[in-house]
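Each chain, letter by letter, is given below.
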Amino acid sequence: MQPQVEIRFTLNHRVVTAAVPPTMALLELVRDRFQLTGAKLGCGEGECGACALLMDGEPVLGCLTPAVDADGREVLTAEGLCGAKGLSPLQQAFVNEGAVQCGYCTPGMEIAAEAVLLEHPTPTVEEIRRGLEGNLCRCTGYVAIVEAVQAAAGGGR
Amino acid sequence: MSQQASMRWIGARVPKLDAPWKASGEVRYLPDFVVGGMLHGKIRRSDRVHARVKSIDTSAAKKVPGVHVVLTAKDVENVAFGHGKDNTPFKGDVVRCIRDELAAVAADTEEAAEEACRLIRVEYEDLPALFDPRAALERGAPVIYPEWPDNKPFTYRYAHGDVKKAAAESAHVVEDEFDLTWVSHCCMGTSAIIAAFDTGGRLTLNSLTQVPFLYRRDMAAIVGMKPEDIRVIQPTIGGAFGSKLDIYPFEPIAVHLARAARRPVRIVFSRQEEFLASPTRQPAIIKLKSGCDARGRFTFRDAYVLLDNGGHTSWGATIPFVMMQTFSSLYRVPHVRFLTDVAYTNNPYSGSFRGYGNLQATFAIEQHVDRLAEKTGLDPLKMRLLNAQEPGEETGQGLKFVSCGLRDCLDSAAKRSRYEEKRAAKKGESGRRVKRGLGMASMLHVGGGAKIYRSDGCGSVLSIDDFGKVTLVTGSTDIGQGSETVLAQIVAEVLGVHLDRVKVVNSDTDVKPWDVGVHASRTSYVAGNSAMMAATQAREKLLKAAAEQHRLPVEELSLADNAVMHTPKSGVAKKLEPIDRLVRSLHFSDRAELLITQAYFEPGSVKQDKEFRGNVSPTYAFGTHVVEVEVELDTGLVKVLGVWAAHDVGKVLNALGIEGQIEGGVVMGLGYALTEQLKIERGKVLNPAFRDYHLLTAPEVPPIDCDYIETEDPTGPFGAKGVGEAPAICVAAAIANAVYDATGVRFTALPLTPERVLDGLIAAGVTKDVGAR
Ligand code: FES
Ligand code: FES
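Protein chains in written order, with my numbering: chain A, 91 to 247; chain B, 67 to 839.
Chain A extracted, bound-state conformation:
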């Protein structure tokens, strides 16, 4: 049995605690212990972005980030982007612009897009495309995803 580390952090706006082995990935913690399955295991090697999470407003790869790193931080998943009234403006833009097909990449894409918008509230197309570079999508060809981020930025966030 590995030694467990006690951590305390904010997960989707709520303070939570967990005892985790030091080798556990943040993705596993979020998915298996907190049942937040929005973030996906697409590769487990830091190559696809399906597992992206926001940690203190910065995008991180849940599959590579140790769970213990979340201690004292604020972690957000796609589920946490939703507000009391449902989808966030960014998520709604994903829906309206056809940025969602099979949807497997979508939660990770939204996190990457949210990070772009946090850094550049009115991003250029180039900034959006670069911000999504680490996220793979096999269905959409990315066009609608980039348009969704543009729409969200133009929609007065």
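Hints in this document: simulated from the structure, not taken from any laboratory.
Take the hints with a grain of salt, since some may be wrong.
Quick list of simulated restraints, FRET-style, between CB atoms [what the hints assert, rightly or not]:
1) A:GLU209 x B:THR221: 56 to 64 Å
2) B:ASP825 x A:VAL106: 50 to 58 Å
3) A:ALA109 x B:GLU189: 41 to 49 Å
4) A:GLY173 x B:ASP825: 40 to 48 Å
5) A:GLY176 x B:GLU487: 36 to 44 Å
6) B:ARG482 x A:GLU209: 14 to 22 Å
7) A:ALA109 x B:ASP574: 51 to 59 Å
8) B:PRO765 x A:VAL106: 34 to 42 Å
9) B:ASP264 x A:ALA109: 34 to 42 Å
10) B:ALA721 x A:GLY147: 33 to 41 Å
11) A:VAL106 x B:SER121: 46 to 54 Å
12) A:GLY176 x B:LYS569: 15 to 23 Å
Heads up, the beta-carbon is just placed ideally off N, CA and C, and yes, glycines get one too.
Please build the complex by placing chain B with the ligands on the supplied structure of chain A, with the hints as guidance.
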């Protein structure tokens, strides 16, 4: 089917119905749900490419804490399955490729299952192996299956006209050998399944299959059950693109594990496993000879195709069905011969992949169109227009083009890309080390299924409840492409109800009526027509009931705004009664009638004869792409500046959905053309990771502009045809033609990586070899 003057839902930009649940992160995919008591299954695969299995020792694996069962071929009835009946869940005596399944473990945790797999000891005796299909057909080659001493399980022969004579009489003839390699589907969600038996012995499979009914039948035969004792539930799927058209060994293995452990078992592939052990696009060697007369009219086409079947047979072996259609019928060609040999090797095996052989065929054919155009002195656009198919044509193979927008596609793509202007302008650019080029290519694909089984039909059951909610239970399957939304739009349009009143149920074989599955771009057309028939019957029932109740002539009644409308002879329409009230008055009256209709739509296509002749699909999709590229002569880098696509879609059903299909398909085609390759050497996969398998990313995607040619096929739902596969098909051919236009060098193999292009430029003397690489 009848067209309505102004339409509310058909053609609108409708977001996918399930998109909000996907965008919120709450939709559960197979790896996201846990069934009570569930165990984790893992598979131990071969690490040899061709070997006799001398022994498998599972004793250490069985001792790993948390392990419930370890199975090998000895423990189950290992029934042969697949198109060639040459695959089995476990391999007992001989392994024939690197992915072959030797044993499987079910354990409490994934880690325990993995650990147990590692501890399984296998003793092999290596056998001589084959990695090149050409070598496999040579006399004296090692034999992979004793039943096939020539290593040739399948051949295809098709011909119309007299190729020999036509070749002799042609003014121009070109000949090339094209070499297409393996690529992977790279679905973002990996292969997965959950198998669970209930105490009554009934099996429930949570499966990603694209063909639930055929799958249930095949699975029943493999695991020794009756099909009706198997329920297939299809949860939301993380991409398919054809990869889930066949049944693969991990699926019956999950069933065997669940049966032996008496617990539900889930298997989810790792990404590495997905690259190693899911099917690929079929590689192909295509030897093609083509000719035309002095004016540029095609005279003949003579193709010999050699397919590497790998160690077992899946759908890859059947791509000649589709390839030959493009050879015989994309243009008017009076004399065509098409031969294919399929050869066993010890490489991994291929399945179906969006386009089904057509990317490979089109890559060859469309480069030959350009080569013949050059010999004739015609512009490639003129050459294509001269030979293009037209509506009403019945081709040499018997395909009937009721509607055909190929000419309009050619014109539209050329015009919007300013093809002629740009081709003329670049003649002056010399001396630059970066060259621009423009290339085009066209495609033909089935647009309403392909009748390869006795029926290519789809059933629908439609009901309207007493709140006016419409439920369509369709046999078809949504694999993320958005068919569910399109079906709901069709129903809403016919019944004059708001889209939010329509619910589509499509994911449970215990509930839904029969369907062949998602493939051959058939869902919009076949399931669409089926849904339309069921909805039309419901409309007639509603109108008849309203006419009786209100004592009005039925001709004066219609449906709109969730209500029955009355339009008197000389007057404006007004609301007569809301649909829900009308339905209630049927339910709760002497009539005691439920509003339920059913339909089974069978397309008017035919099963082809032994000579592969016959109209295999009721409608066909056409398209043209123009691409503009920039080629760096010193590095070989090909940069795509723009893609102008035009597709004959019959009718746009969902403007947003079709855009997504085209963009996604074009980018998939760009990956095939430029970056993607599953590198296989001596039967081993060298790059089973995204790091080394270059999928295009957002910054690499060029501007894509698409035009929809609405030919309104008279047999399609509202005139529509299927286009799910079309957009990926002609991209690579257009790029190769553009690279030639830029550099004067032809490339007959893919992908066009900088290394390959630079080598080609150096070999052709366009770039000097400075030996710096
Ligand atoms: S799962 Fe983390 S990057 Fe792919
Ligand atoms: S929508 Fe399917 S992978 Fe992006």
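Consistency of the hints with the structure:
For the pair GLU209 of chain A and THR221 of chain B, the beta carbons lie near 59 Å from each other, so the given range of 56 to 64 Å is met. Between ASP825 of chain B and VAL106 of chain A the beta carbon distance is about 56 Å. The supplied range of 50 to 58 Å therefore holds. In this structure the hint that ALA109 of chain A and GLU189 of chain B lie 41 to 49 Å apart at CB holds, the actual value being about 44 Å. Separation of GLY173 of chain A from ASP825 of chain B is about 55 Å and departs from the stated range, judged on CB atoms against 40 to 48 Å.
In this structure the supplied range 36 to 44 Å is violated for GLY176 of chain A paired with GLU487 of chain B, their Cβ-Cβ distance being about 49 Å. For the pair ARG482 of chain B and GLU209 of chain A, the supplied restraint of 14 to 22 Å is violated, since their beta-carbon distance comes to about 35 Å. Between ALA109 of chain A and ASP574 of chain B, the C-beta spacing of about 40 Å breaks the proposed range 51 to 59 Å. Between PRO765 of chain B and VAL106 of chain A the C-beta distance comes to about 36 Å, which sits within the given range of 34 to 42 Å.
A hinted range of 34 to 42 Å for the beta carbons of ASP264 of chain B and ALA109 of chain A is consistent with their spacing of about 36 Å. A hinted range of 33 to 41 Å holds for the C-beta pair ALA721 of chain B and GLY147 of chain A, which are about 36 Å apart. Restraint check, VAL106 of chain A to SER121 of chain B: a C-beta distance of roughly 50 Å satisfies the suggested window 46 to 54 Å. For GLY176 of chain A and LYS569 of chain B, the Cβ-Cβ distance of about 19 Å falls inside the hinted range of 15 to 23 Å, so the restraint holds.
Of the numbered hints listed earlier, those contradicted by the structure are 4, 5, 6, 7.
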